[in-house]
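Asks: The chain contents come next:
Number of protein chains: 2
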Amino acid sequence: MKRIVLALFGAGVLAGAIATTGPVSGQSDGEASPIYGVKLPQGYRDWHLISVKQLTGAGGLKQLRAQLGNDIAITAFREGKLPFPDGAIIAALHWNEVSADADDKVLASGFPDADLESFFAGSAVNVQFMVKDSKKYAASGGWGFADFTNGKPGNLALHEKCFPCHQPAKDRDYVFTHYAPTP
Amino acid sequence: MKRIVLALFGAGVLAGAIATTGPVSGQSDGEASPIYGVKLPQGYRDWHLISVKQLTGAGGLKQLRAQLGNDIAITAFREGKLPFPDGAIIAALHWNEVSADADDKVLASGFPDADLESFFAGSAVNVQFMVKDSKKYAASGGWGFADFTNGKPGNLALHEKCFPCHQPAKDRDYVFTHYAPTP
Numbered sequence: 001m002k003r004i005v006l007a008l009f010g011a012g013v014l015a016g017a018i019a020t021t022g023p024v025s026g027q028s029d030g031e032a033s034p035i036y037g038v039k040l041p042q043g044y045r046d047w048h049l050i051s052v053k054q055l056t057g058a059g060g061l062k063q064l065r066a067q068l069g070n071d072i073a074i075t076a077f078r079e080g081k082l083p084f085p086d087g088a089i090i091a092a093l094h095w096n097e098v099s100a101d102a103d104d105k106v107l108a109s110g111f112p113d114a115d116l117e118s119f120f121a122g123s124a125v126n127v128q129f130m131v132k133d134s135k136k137y138a139a140s141g142g143w144g145f146a147d148f149t150n151g152k153p154g155n156l157a158l159h160e161k162c163f164p165c166h167q168p169a170k171d172r173d174y175v176f177t178h179y180a181p182t183p
Numbered sequence: 001m002k003r004i005v006l007a008l009f010g011a012g013v014l015a016g017a018i019a020t021t022g023p024v025s026g027q028s029d030g031e032a033s034p035i036y037g038v039k040l041p042q043g044y045r046d047w048h049l050i051s052v053k054q055l056t057g058a059g060g061l062k063q064l065r066a067q068l069g070n071d072i073a074i075t076a077f078r079e080g081k082l083p084f085p086d087g088a089i090i091a092a093l094h095w096n097e098v099s100a101d102a103d104d105k106v107l108a109s110g111f112p113d114a115d116l117e118s119f120f121a122g123s124a125v126n127v128q129f130m131v132k133d134s135k136k137y138a139a140s141g142g143w144g145f146a147d148f149t150n151g152k153p154g155n156l157a158l159h160e161k162c163f164p165c166h167q168p169a170k171d172r173d174y175v176f177t178h179y180a181p182t183p
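Chain order of the listed sequences is R and F. Numbering-wise, the numbering used here puts 90 at position 90 of the first sequence, and it's gapless, one number per residue. Numbering-wise, the numbering used here puts 7 at position 7 of the second sequence, and it's gapless, one number per residue.
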């Protein structure tokens, strides 16, 4: 009850309070994200594929991205179940996009006239998580957010952006990503 | 022995011979790929992520792609084990790349000045497989190849390109894709 009242004063105030509680089951022992107290979930690199994205931006920014889900999240995506059930976790893995010159030569000889260019996931940038816990994170749509670079969570200012940015996807339980069809 | 001798006459000749044998364990009951007799493996949509790619080309071609591996393939990638052991299967899922206008509006308000544009996996294009069986596919570097669109394998001409195209990656056991680092 005390936590719910506190939440009304803004998620930022909770930074210390939640971060000092024990790790959620399946989370590692590292540092927790501000506001939400989410630690790096174990084994997320092997979760199932939700979809793939590309992000471009000023200054030559080019990223390839993959969204992975734990079993609870994947089942909910497949069944179109909204809101996502407690325990669902979505991971977004981001890499710098790199030219694949060697691949391009092969593509040019195998498929002349197609002018093919290939790009692949290069160095790691960061990984983000949405963790569903409708009680713990009642003040932010039931989701706890986290953004890690080299295993370290980003700062408070960064994490204050997570929930407001996801507001426009409220109809999809604050999740932008759609489950990609199976080719 | 008869199969090996036949293979010397060119992989194309084998199309009928291998396709009429029973399905390999874990493969579905559908149509098999020409030359290699590979059927759509069961459950590949839930295999682990190897990496992510983008392909662009003439005529506005823009694809987002994900490479997934079964447990044997993923273990080999992580341990840098070459050649890949028998039983390894690599899947390449291809989608048309689509603009994410709704996401872009959110990105513009959350991160002004960054000029961010987001693209995601839209409709499914096709899925390709490399199946390692060093005896069965001795004539093609130990790999059987398959390319499916809407669950149907492509034609003989398409499958005749697979192995020659992968020759330049001989040093990496004919596999172009690298395992993406974990962010």
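Hints in this document: simulated from the structure, not taken from any laboratory. You may find that some hints are simply not true.
Since the list gives no way to pick one copy over another, a pair counts as held whenever it fits inside one copy or between any two copies.
[Claimed, not checked] In silico DSS-like links for lysine-lysine, alpha-carbon gap of 30 Å or less:
| hint | residue 1 | residue 2 |
| --- | --- | --- |
| 1 | LYS105 | LYS152 |
| 2 | LYS62 | LYS105 |
| 3 | LYS135 | LYS152 |
| 4 | LYS161 | LYS105 |
| 5 | LYS105 | LYS170 |
| 6 | LYS152 | LYS136 |
| 7 | LYS81 | LYS105 |
| 8 | LYS135 | LYS62 |
| 9 | LYS62 | LYS136 |
| 10 | LYS161 | LYS135 |
| 11 | LYS81 | LYS136 |
Asks: Indicate, hint by hint, whether the structure satisfies it.
Replies: Verification of the hints:
no.: 1; hint: LYS105 to LYS152; result: between (38 Å within a copy, 28 Å between copies)
no.: 2; hint: LYS62 to LYS105; result: both (22 Å within a copy, 18 Å between copies)
no.: 3; hint: LYS135 to LYS152; result: within (26 Å within a copy, 46 Å between copies)
no.: 4; hint: LYS161 to LYS105; result: between (42 Å within a copy, 15 Å between copies)
no.: 5; hint: LYS105 to LYS170; result: between (45 Å within a copy, 15 Å between copies)
no.: 6; hint: LYS152 to LYS136; result: within (22 Å within a copy, 47 Å between copies)
no.: 7; hint: LYS81 to LYS105; result: between (45 Å within a copy, 26 Å between copies)
no.: 8; hint: LYS135 to LYS62; result: neither (37 Å within a copy, 42 Å between copies)
no.: 9; hint: LYS62 to LYS136; result: neither (35 Å within a copy, 41 Å between copies)
no.: 10; hint: LYS161 to LYS135; result: within (21 Å within a copy, 55 Å between copies)
no.: 11; hint: LYS81 to LYS136; result: within (20 Å within a copy, 44 Å between copies)
This entry does not satisfy hints 8, 9, going by the numbered hints stated previously.
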